[in-house]
Amino acid sequence: MYSMEKIAAEIKESARDLISGKRVDLVIGYEKGSLALRSRPCFVSSVEDAGKLVWNSLCTNNLSVYLPRYVQKGPQKRKEDVKPVRVGIVAKGCDVRSIVGLVKEKQISRENVVIIRVPCRGVIDRAKVETQLKGNEVNEYKEDSSEILHLTTVAGEEKTFSKEQFLADACLECELAEPEDVDIRISGTAKQTFPNRYERVREFEAKSREERWQHFKKEISKCIRCNACRQACPNCFCKSCFAEQGKPRWVGAGTDLSNTMFYHIGRIFHQAGRCVECDACVRACPMGIDLRLFTQKMVKDVAEAFGYIAGLSAEEKPPLCEFGDADGQGLITTL
Amino acid sequence: MDSTEKGSGDKEPRVVAIVCSWCSSISAELAGSGRNQYPANVRVVRVPCAGRVDALYIVKALQNGADGVLVFGCNPGDCHYLSGNLLARRRFALIKNLLEYIGVEPERVQFSWISGSEGSRFAALVEKVVEDVKKLGPAKKLVKADV
Amino acid sequence: MEQGIIKKADAGELIAVLGGKYIVYGPVKDDEGVSLSKVGDGEDITFEYSNFNLSPKGLFFPQSEVIYTYDDSVEAKESLPEERFIVFGIRPCDASALLRLDEVYKKSSPEDPYYIRRRENAVIISMACKKPCQTCFCTSVGEGPAAKAGADVIAFDLDDSLFLEACTKKGEQLLDIWSKLLQEPDSAVLESKQRQAASANGKVYALNSEGITQKLQKKFESPIWKEISQRCLSCGACTFICPTCHCFGINDEPCGSKNRRVRCWDACMFKEFGGEASGHNPRGMIDQRLRQRIMHKFLYTAENFGDVFCVGCGRCINRCPVNIDIREIITEGTQ
Chain A
57 MYSMEKIAAE
67 IKESARDLIS
77 GKRVDLVIGY
87 EKGSLALRSR
97 PCFVSSVEDA
107 GKLVWNSLCT
117 NNLSVYLPRY
127 VQKGPQKRKE
137 DVKPVRVGIV
147 AKGCDVRSIV
157 GLVKEKQISR
167 ENVVIIRVPC
177 RGVIDRAKVE
187 TQLKGNEVNE
197 YKEDSSEILH
207 LTTVAGEEKT
217 FSKEQFLADA
227 CLECELAEPE
237 DVDIRISGTA
247 KQTFPNRYER
257 VREFEAKSRE
267 ERWQHFKKEI
277 SKCIRCNACR
287 QACPNCFCKS
297 CFAEQGKPRW
307 VGAGTDLSNT
317 MFYHIGRIFH
327 QAGRCVECDA
337 CVRACPMGID
347 LRLFTQKMVK
357 DVAEAFGYIA
367 GLSAEEKPPL
377 CEFGDADGQG
387 LITTL
Chain B
52 MDSTEKGSGD
62 KEPRVVAIVC
72 SWCSSISAEL
82 AGSGRNQYPA
92 NVRVVRVPCA
102 GRVDALYIVK
112 ALQNGADGVL
122 VFGCNPGDCH
132 YLSGNLLARR
142 RFALIKNLLE
152 YIGVEPERVQ
162 FSWISGSEGS
172 RFAALVEKVV
182 EDVKKLGPAK
192 KLVKADV
Chain C
874 MEQGIIKKAD
884 AGELIAVLGG
894 KYIVYGPVKD
904 DEGVSLSKVG
914 DGEDITFEYS
924 NFNLSPKGLF
934 FPQSEVIYTY
944 DDSVEAKESL
954 PEERFIVFGI
964 RPCDASALLR
974 LDEVYKKSSP
984 EDPYYIRRRE
994 NAVIISMACK
1004 KPCQTCFCTS
1014 VGEGPAAKAG
1024 ADVIAFDLDD
1034 SLFLEACTKK
1044 GEQLLDIWSK
1054 LLQEPDSAVL
1064 ESKQRQAASA
1074 NGKVYALNSE
1084 GITQKLQKKF
1094 ESPIWKEISQ
1104 RCLSCGACTF
1114 ICPTCHCFGI
1124 NDEPCGSKNR
1134 RVRCWDACMF
1144 KEFGGEASGH
1154 NPRGMIDQRL
1164 RQRIMHKFLY
1174 TAENFGDVFC
1184 VGCGRCINRC
1194 PVNIDIREII
1204 TEGTQ
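Protein sequences appear in the order of chains A, B and C. Each residue of the first sequence is one higher than the last, beginning at 57 in this note's numbering. Each residue of the second sequence is one higher than the last, beginning at 52 in this note's numbering. Each residue of the third sequence is one higher than the last, beginning at 874 in this note's numbering.
Okay, chain A solo, but in the shape it has when bound:
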């Protein structure tokens, strides 16, 4: 039994305790969205507002993307006498790894974050719901403790589905490993097993080179260079992104396919050893580009070549800052 209401109640209580006990200035969580299939980020700074917090399978956003705005380590902060903002944050497994990643890369200070770890059993992909309902929009969404979804369409029809069939691709291949260092554990059991880790990447690797190129080209051709993927990603915190530098210029603006490919290759490469597969980029993309197929390749290569999973421990050195004896097998050209 996995009761959304129970978990939400515990989240609210934790938030109230943290705020009234003055342990944090702000709690970042989720609230009900303006549409039936949306929950959205919510910023609570009073005990009364804590009542807005919810928990359900629509809580898709990776909230750690907001942390650098509040708990940034100096010296980026101005030389004013500013007390550091302390933030409580509701985090699923992948989100906790993002937080640890930000701590590791010195973007936020761990002592000013209170991690409220929620037991996640996967979030749903609303595009899959929309496809299933063939264009009939949902007016009301309810989820019971057996993980059955009760949807009422705009036309008044009631339909039930098991959550399983709408799980986001990221959740179908969840890494599952989570860091130990969290502050509050909301009771409940996170999903224990997801088969098929890296299966899509393996299938793609097995395709012919021409097939792979054509698919990459087709996906990247959709890109309108809106930068939503980069903005949604907690790891893309650079004050000056490589894609925006002009002196010298790495990559031109506009949708020339070569430039667009360069942008994506660059962004995906910069995720090496950092991406936690939260799929924030995939959800943010207005064009539905299959970014996951490429970001997950980096995750798989780093895991297999260097035995490293992003975000498990803030003390572990990032893989590209280290070297190992087994590196470079088969890589070096010899005569």
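Hints are computed from structural coordinates only; laboratory data are not their basis. Do not take every clue at face value.
[Unchecked claim] With a straight-line cut-off of 25 Å between C-alpha atoms, the simulated SDA-like cross-links for lysine to any residue are: (1) K1144(C) to N1124(C); (2) K1144(C) to P124(A); (3) K356(A) to P157(B); (4) K1021(C) to E1045(C); (5) K191(B) to K1131(C); (6) K1003(C) to W269(A); (7) K185(B) to W269(A); (8) K1144(C) to F298(A); (9) K88(A) to K1076(C); (10) K185(B) to E267(A); (11) K295(A) to M1158(C); (12) K111(B) to F298(A); (13) K190(A) to K1003(C); (14) K139(A) to I1159(C); (15) K303(A) to V939(C); (16) K902(C) to L349(A); (17) K108(A) to K1099(C); (18) K111(B) to T942(C); (19) K111(B) to P1127(C); (20) K273(A) to N1124(C); (21) K108(A) to V170(A); (22) K278(A) to N1191(C); (23) K274(A) to E255(A); (24) K273(A) to E151(B); (25) K160(A) to C292(A); (26) K160(A) to Q385(A); (27) K295(A) to N1154(C); (28) K1004(C) to N1124(C); (29) K1003(C) to E214(A).
Fit chains B and C to the known structure of chain A by using the hints.
Using the frame of chain A, we list chains B and C on its own:
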């Protein structure tokens, strides 16, 4: 016609060789003074250390007219900056795999370690890579078109 | 000819009789759903769609446009686009949005010759809405599911037939070309069309946007901007998919052995949009940028051109990764 399907147009491939300032360029000089001929297809770019080579340099070269990229570094243990070449190894493995994954021919991007005394080996390696790239033909993927 | 009706199954004949003189863009099914794409012989046209992901502004104001190329000499060859085209199936909101772009690129000085030529070369056939989406709110911003603004011809989907009504001289001329294929509609058809329009009108989400322009004049320093922008990722997706947003940037970049000057879409939501050469950025904070976008959309353009620059298409509500709902902003703005 989209910009990525045009080739460099030349019959001879253009290969960018990124050499580190220590072992690699010493061996390159030695090749020169020892009159070890190597193909003129190669454009040499000198960097302080193979560890300086940003993975995106390789992509930028392929985007802007290079048919192949060859990066030289010192042998593990010999790096003037102690570990530059060792850090480069992981980076190169990842970018090479990523480019191969999206469909770029892996033989276009190659890496080699070389010692400062190996003039003739430098020439031989350059020749080998130029041959590999010649067999693949002009680079068509990723190329920014001559509009 | 002012109006006519044709069986949907015969729509392909309308394309055939054009004899290749026009390129036709229409609703075509692809992997992602339905997009506005080049139509072949008409077999590929679908009528099952709500709206296209991207607005049709890209056909007149392309995401990337090469203005000229140069090497040692600057030879700016101006070649105005010659191709004539028909845009079929865009919704009345999107057709009306083109009139906003006309204010900026056609009626203001300096004129944009490329945009003007494309507008001259195009015939717009809009498709009235049968079933508005939950995110539509066109009637609240002066538009409507059967409104004619911006269309040369308006089409109505009457189940197995298509009813076409000319709205401009250009539309009449096109219907003249098709006159042999179209039947005169009888009164039953006209009644059916009226019923559909009235029904759709009644179904659109309605909110009060009365006086938004005047009220916003006093809200520059209001705390609502900080509140709403808390969850904004500054991703720019809303701006790029919006049918009226029209800002652009110009960049020079090398390509092959030459260089080129490219004009591409830009967004005031991007951090570097307001960045000045000195390094100062007057809109470095997200709340400043969100305020700018909303003010530009509902106040400044109303003052400059007499019309708010929102047509209620709802794309931004649909795609915003953090569910920022412009209807909520309008409601706040009218308080």
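Which hint numbers does the structure go against, in order from smallest to largest? 6, 26 and 28
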